[in-house]
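Visitor: So the protein lines, in turn, are chains E and U.
Counting from 1, position 309 in the first sequence corresponds to residue 337 in my numbering; the numbering is continuous, with no gaps.
Counting from 1, position 310 in the second sequence corresponds to residue 338 in my numbering; the numbering is continuous, with no gaps.
Just to be clear, a hint being listed does not mean it is correct.
[Stated by the list, open to error] Computed Cβ-Cβ distance ranges for the label pairs, DEER-style:
no. : chain 1 : residue 1 : chain 2 : residue 2 : range
1   : U       : G208      : E       : A335      : 57 to 65 Å
2   : E       : G131      : U       : E321      : 43 to 51 Å
3   : E       : E70       : U       : A297      : 38 to 46 Å
4   : E       : G336      : U       : K267      : 22 to 30 Å
5   : E       : A53       : U       : R378      : 18 to 26 Å
6   : U       : P62       : E       : A362      : 12 to 20 Å
[As the list claims (entries may be wrong)] Okay, the calculated bits of chain E under chain U, using three or more residues with CB under 8 Å as the criterion:
no. : segment
7   : 29 to 35
8   : 103 to 109
9   : 230 to 241
These are computed hints drawn from the structure, not numbers from a lab.
Quick caveat: nothing in here was measured; it's all calculated off a predicted structure.
Note that beta-carbon positions come from the ideal geometry of N, C-alpha and C, so glycine has one too.
Number of protein chains: 2
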Amino acid sequence: MTLPDRLLMGPGPSNPYPEVTAAFAQPLLGHLDPEFLRILDETCDRLRTVFQTTNALTLPISGTGSAGMEACFVNLVEPDDVVVIGVNGVFGERMCEVARRAGATVVRVDAEWGQPIDPQRLLDAQAANPQARLVAVVHAETSTGVENDIAPLAALRNTDSLLLVDAVTSLAGIPLEVDGWNIDACYSGTQKCLGVPPGLSPVTFSARAVDRIGSRTTPVQSWYLDLGLIGDYVGTARKYHHTAPTGMIVALHAGLGAVLDEGLDAVWARHHDVGRMLQSALVTRGFDLIAPERSRLPQLTSVRLPAGLDELALRRRLLAEFDIEVGGGLGAFAGIAWRVGLMGHTARRRSVSTLLGALDTML
Amino acid sequence: MTLPDRLLMGPGPSNPYPEVTAAFAQPLLGHLDPEFLRILDETCDRLRTVFQTTNALTLPISGTGSAGMEACFVNLVEPDDVVVIGVNGVFGERMCEVARRAGATVVRVDAEWGQPIDPQRLLDAQAANPQARLVAVVHAETSTGVENDIAPLAALRNTDSLLLVDAVTSLAGIPLEVDGWNIDACYSGTQKCLGVPPGLSPVTFSARAVDRIGSRTTPVQSWYLDLGLIGDYVGTARKYHHTAPTGMIVALHAGLGAVLDEGLDAVWARHHDVGRMLQSALVTRGFDLIAPERSRLPQLTSVRLPAGLDELALRRRLLAEFDIEVGGGLGAFAGIAWRVGLMGHTARRRSVSTLLGALDTML
């Protein structure tokens with residue numbers, strides 16, 4: 029069986045770094061093998077560097093980004109806790125649903141899809157609900173291509189509310205400072221700017237968040253995502269919890285290696301440059317960028333198609349004739365917009381020129 | 029970086045089938061790519077064949093075997109439900125903990141570690157608790173190498189209790205008949221007899237179980253493991269839930285292909301033959317088999333070491349000098365026993381002779 033060689037320019041997965049593909053060819057190791065545990069430790073160290081944190085509790089959850097989201101809520105929230113959640117797209121909505129299933133009472137701070145959330149509104153909502161256990165917001169909304177400003181939320185350090193940030197699409201794509209912005213809990217995914225296939229969710233928790241978990245009065249409702257138990261395996265105790273996905277973790281180790289060998293600054297600059305290159309070229313061709321310039325992500329571009337173009341037919345031709353995947357719009361943008369990813373190894377000038385070449389051939 | 033080439037004879041992961049390693053070298057596909065969806069459908073079909081079921085709701089959960097366990101409990105159980113659980117090892121204990129965190133009241137049916145559970149005792153416990161939502165038991169206890177007899181539990185079809193079976197270590201290693209034994213819910217893992225790295229949990233649910241999920245009065249506490257939502261993606265609706273781990277699913281597709289090309293009967297016979305070969309050779313060398321003969325798994329052998337041997341030192345030498353991994357004992361068997369796996373691609377006569385050669389060299 030030979031699979032088609034797609035250029036993955038949708039909202040994720042992106043094409044893996046070559047180092048990652050090579051890692052999958054390595055012999056598989058057991059989850060208690062000292063050689064594997066050394067790689068696991070290095071993987072957590074590399075995650076700390078990429079997250080820009082010194083948090084001890086930093087590790088890959090054995091599930092995709094949504095499992096990381098759920099891990100954060102079920103560990104940090106107890107029944108009837110109040111949580112403040114910013115919502116300006118699919119993933120803010122998902123946070124509300126996950127929080128409710130963890131028994132939380134959700135205070136929403138809504139902004140229009142395609143627009144950023146004013147961080148002051150989140151701070152105000154916290155001030156109006158000082159008992160809130162946490163304030164949660166998506167850094168890079170994959171559904172709209174909008175960046176929400178996180179840095180001003182560092183002010184939450186002076187409250188009893190933790191700051192929880194979804195960095196699924198932002199980590200290793202745009203600057204993210206877990207310690208610098210006083211983020212207490214943060215989750216990501218491997219299949220976006222880390223250039224690794226989907227399947228793991230890197231997470232990190234501040235000392236304040238760890239204290240919060242340690243002072244729970246009810247058990248974490250998920251055994252699989254219980255960070256106390258997972259930490260006993262990933263940490264020094266090495267106590268068996270579940271069988272770690274060793275092959276995927278070796279692949280993540282390799283992806284993080286590729287990112288750090290290039291350097292975070294260079295990786296951010298590469299994402300920035302190719303994003304702006306794509307965006308201006310699309311405007312030239314009559315596409316309409318959805319996110320306002322100041323909040324426009326480089327690694328995920330949401331665009332309305334020029335009037336008269338059938339987005340689905342064009343998207344299908346791109347895939348079938350040119351082996352290029354782009355994503356469709358979601359919500360209010362379904363049927364009229366595309367989401368074009370330039371993440372991880374895909375974030376290259378050649379990806380942009382390949383897409384433009386195909387578009388110019390078709391249009 | 030070059031990783032050591034281990035012979036994985038612990039309790040899992042096993043060595044992947046060569047077809048699986050080859051699959052990881054294929055280009056990565058997006059989770060909504062028609063080519064990927066075709067492979068996903070085929071993977072579910074192959075899982076039906078291996079599970080010996082026609083269940084529509086049959087799919088890989090995006091987590092390891094323990095995530096599959098949790099998916100079964102959180103979807104099938106509502107707060108204050110009674111569940112009957114057989115316990116004769118680590119994984120029966122784990123079921124109790126997962127069930128409690130889902131809000132269930134657990135009725136335990138304990139048997140000594142290393143001994144099977146008499147199925148009549150499970151039927152009796154159900155008869156004494158006819159309101160029980162389900163009766164759960166581990167088919168192949170990885171912690172002790174004991175097989176629990178499932179077929180007699182088919183009698184539960186005449187009650188209101190569902191039958192839930194842990195087939196993590198049994199699937200594709202020993203006969204398992206989901207439809208033939210009237211199993212309502214069953215979960216497994218990829219890293220045992222399927223010969224695929226850890227990271228996915230195949231699950232299957234009967235029509236009766238699907239009805240039970242559909243008639244819940246409370247939401248499933250886990251959004252990530254909500255089978256209604258997952259089924260909307262894996263089924264015909266193709267509605268986005270989370271980003272499926274496409275690379276791992278392509279690998280599972282390949283592992284199932286290897287198993288089905290050989291044929292289930294042949295795969296079971298291979299596991300049976302190499303297990304018996306190892307077990308008699310160990311007895312000859314003064315090792316003491318823990319599981320009674322009638323309930324002794326071929327794919328996972330629990331053995332006490334001859335008196336005077338330091339199990340940990342010997343196990344470490346096997347790994348360091350011979351690149352052979354075997355597992356240590358758990359619970360009452362810690363420090364005095366080994367668990368030796370012969371699962372999936374590792375279930376070869378050469379694996380047995382390699383281990384024996386190393387042991388004979390050391391002893």
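Visitor: Compare the structure with each hint and give your call.
Guide: Quick rundown of the hints versus the structure:
1. U/G208 to E/A335: 57 to 65 Å: With Cβ atoms ~59 Å apart, the hint holds.
2. E/G131 to U/E321: 43 to 51 Å: Holds, since E/G131 and U/E321 (Cβ atoms, about 49 Å apart) stay within the stated range.
3. E/E70 to U/A297: 38 to 46 Å: 42 Å, holds
4. E/G336 to U/K267: 22 to 30 Å: At roughly 28 Å between Cβ atoms, U/K267 and E/G336 fall inside 22 to 30 Å, so the hint holds.
5. E/A53 to U/R378: 18 to 26 Å: 22 Å, holds
6. U/P62 to E/A362: 12 to 20 Å: At 19 Å between Cβs, range holds.
7. 29 to 35: holds (count 6)
8. 103 to 109: violated (count 0)
9. 230 to 241: violated (count 0)
Of the numbered hints listed earlier, those contradicted by the structure are 8, 9.
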